[in-house]
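There are 2 protein chains.
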Amino acid sequence: MTPQEWIEESKDKLLSELKEFLTFPSISVQPAHRGDLRKAAEWLQQKLVSLGFRVEMLGDPPVVHGFYQGPSGSPTALFYGHYDVQPPEPLEEWESPPFEPKVTEKAIYARGASDDKGQVFMHLAAWRFYVERRGGIPLSLHVVIEGEEETGSKVLSEILQREGARWRSDVVIVSDTAFFDEDIPTLTVGLRGLLYTEIRVRGPKRDLHSGSLGGIVENPAIALAYILANLKGPDGRVKIPGFYESVRPPSAEEVAAWRQLPANETYYLGITGAPALAGEVGFSPIERVSIRPTLDVNGMWSGYTGPGSKTIIPAEAGAKVSMRLVPEQEPMKIWEAYKDFILSLAPAGVEVSVSQLHEPTPAFETSTNSPFYKAAEEAIARTFGKRPIPLREGGSIPILNAFRQALGGVPVILMGFGLLSDKVHSPNEHFRLSQLWRGIEALIQWYSLVSKPSSLLAE
Amino acid sequence: MTPQEWIEESKDKLLSELKEFLTFPSISVQPAHRGDLRKAAEWLQQKLVSLGFRVEMLGDPPVVHGFYQGPSGSPTALFYGHYDVQPPEPLEEWESPPFEPKVTEKAIYARGASDDKGQVFMHLAAWRFYVERRGGIPLSLHVVIEGEEETGSKVLSEILQREGARWRSDVVIVSDTAFFDEDIPTLTVGLRGLLYTEIRVRGPKRDLHSGSLGGIVENPAIALAYILANLKGPDGRVKIPGFYESVRPPSAEEVAAWRQLPANETYYLGITGAPALAGEVGFSPIERVSIRPTLDVNGMWSGYTGPGSKTIIPAEAGAKVSMRLVPEQEPMKIWEAYKDFILSLAPAGVEVSVSQLHEPTPAFETSTNSPFYKAAEEAIARTFGKRPIPLREGGSIPILNAFRQALGGVPVILMGFGLLSDKVHSPNEHFRLSQLWRGIEALIQWYSLVSKPSSLLAE
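Chains as they are written, first to last, in the numbering used here: chain A, 5 to 463; chain B, 5 to 463.
Possibly wrong hints are sitting among the right ones.
It does not matter which identical chain is used: a pair holds within one copy or between any two.
[Stated by the list, open to error] For lysine-lysine, the following DSSO-like pairs were computed, each having C-alpha atoms within a straight-line distance of at most 30 angstroms:
{"hint": "1", "residue 1": "Lys17", "residue 2": "Lys43"}
{"hint": "2", "residue 1": "Lys343", "residue 2": "Lys110"}
{"hint": "3", "residue 1": "Lys23", "residue 2": "Lys106"}
{"hint": "4", "residue 1": "Lys15", "residue 2": "Lys106"}
{"hint": "5", "residue 1": "Lys243", "residue 2": "Lys23"}
{"hint": "6", "residue 1": "Lys209", "residue 2": "Lys23"}
I should point out that these hints are in silico values taken from the structure, not numbers from a laboratory. For clarity, every value in this text was computed on a predicted model and none was experimentally measured.
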């Protein structure tokens, strides 16, 4: 039975299993969901045990670690993924409830369908193919699936420092990224870093009557607006001193790769639904989302936000502000410059404080020269009929640097099958079924190719 | 039995009645509380009927109108008040629940305790004194108590236009303002107007992943911050073109009155609890809260505001922005200038819209020359031992202009007994018991004095 035939025959069973996995509201930033994180981890534990893995649960929320002993002499791969998801809010914009997965003709809808439960599940399916139809997985495997990717991988970072050496592997494989488009396979070769902060502005001790006392105090919401409005110039450039100091221009190879993509305004307008594109003057859209650092407000609040009018001067205001960093930008250096800049912008009459809400994450880059990368190219080409284009992705996977450090410079393969239109982190997140099925097939191919890397090297 | 003796004897009974009135969550801006508005109105209806008023309920939320026929030849006064209250949010900052009134040694705590249920109740008490101890109220009375003061008095405006002439009176009496301080009685002679708006900024069609797509769209929260930051200059002046065009300087009498008040920085720092005062350069605090127009953000929101980090570019952002207007500023002219200014500030890449959330209200001024004003001075002087100082108040009572129009230039007396420290519109609103009891006594005096105004004029 070929992998294709097995997938065809198993579709219903696989979908119903994936739906189970998507049912857990494993939202790592919301403390109320601690128990749901554990349930999702236990579900994974069961699946891995049934496939012949030796499984341990480490820390809280648990890092699920499984080990599978492959044929003697075979290489060892480490699969990394995460079972935690972003908050589903705003709930009223979901067309079906975020934790009641819905399958349509084209896609499966749920929070986590693409990021990252759906993609973790593709590996579970690929391994199952080998166990059910080939008598076992053709190589040794460490599986590491955590529940804090969306909040900065604190537990896993500590574990990696302490006992990462136990997980020594020849390659790390991750599926948490996206194709440029359904017909344009890409392999991710870089990720941006992340610095995520919160600004709090405090004014009067309590909300004040905006009539009786309007005119004599600084309004915290206006003070915050002033700070935020000064973070970027009209040219779209971030004004934090030194922000661009170490930013590199793109390589000639990258520019050549971009030329193969229809990365034009129409494409990005379609993906974003924005009335017009914007961004840093002097750079094209694809440069702005990959090799240029950015700054965004992710959330903002002050005073009364209910229906109608309430005539108050709010006692405080706050904003979540994050930056995506590119290679050579040191997160802690940017943090210091950012913090000083914010405090320097604070008007008199309010108290301003800044904190971090996420482990600071540097950017990540991977090489296209390893046999494991070439295996990924080959697996995708065989399955999707086109060679993938190497491309940087604008998002972040905080833990990858720590893996590389703990495992001694191991190659990392970012072989993701999402689409930019999956609405990851947004309402109505979904995963294309065609990407799911072809992705499983490509992964089966990849595991086969890397189980005998000498054959690839010889090519 | 003197009024003082009656009040002393009735304290427990009066407090338990006031507590009943404060129990209704009659929040006019929140549609869910429609039924509670009606309940509060029905409670008033009962009380008025028991005092011998003929009562009708007009519109929805009901305007409670009562008429009391006084001795023949006596003048007619119209009492205006409101039974609706501001939203109690943020709830977690209340030390006791906002609709479970709590009496301490010094004050009664509840939403509406001072604004305006507590002050409406003082009149009910004064009338009851006359009914129980003097055989009846010594003049004719129209009582008009509405449920939409906090949202712009829409129902009452229509009623006044239609049938205000039926309520022809010699004077309008209102208790919805405050003393400068407990030992510094004041009578309010002016109120600021109000223009209350909402700005909405729309960017991408949905929240976007701030990594994958960060850099190519305008961030709606930053666009809103830019607009808000540009509404006032570093000198604290509002930058809407023409905003100050018709603003008058204070009169010599006003400046003289201010000199009698300890309206210094220490006083206002104590009231506001702000780290420092702020405001329009070139004006003293008391000018800033009375004769100068202001602009404030009352609420602001965008994106994710829950715990921790969520990495999105929000699809939209919004803010509630209000202005307090002074005499000669025409609300509709300011509205047009404001709207044009906001739209002119909108960055490319977002769609901005502006709307009004409240009936636009011009400022209000009243004269200090009528016998009714002199009666108020006299009543306060007799009860509090000090002649009140005439003072403008920075808040607004939207309906007063309509009363004056409907009743043909009638004098309006703003005889309020709140304190600026009552936390009106804020958590832990309360009303000082000493102000409550002495206020009732002063009102009993005032009703007596104005029932024979000729005696006052002769003085």
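How the hints compare with the structure:
no.	hint	verdict
1	Lys17 x Lys43	within (21 angstroms within a copy, 58 angstroms between copies)
2	Lys343 x Lys110	neither (46 angstroms within a copy, 45 angstroms between copies)
3	Lys23 x Lys106	within (8 angstroms within a copy, 52 angstroms between copies)
4	Lys15 x Lys106	within (15 angstroms within a copy, 64 angstroms between copies)
5	Lys243 x Lys23	neither (45 angstroms within a copy, 55 angstroms between copies)
6	Lys209 x Lys23	between (49 angstroms within a copy, 27 angstroms between copies)
The structure does not agree with the numbered hints 2, 5 stated previously, though it agrees with the rest.
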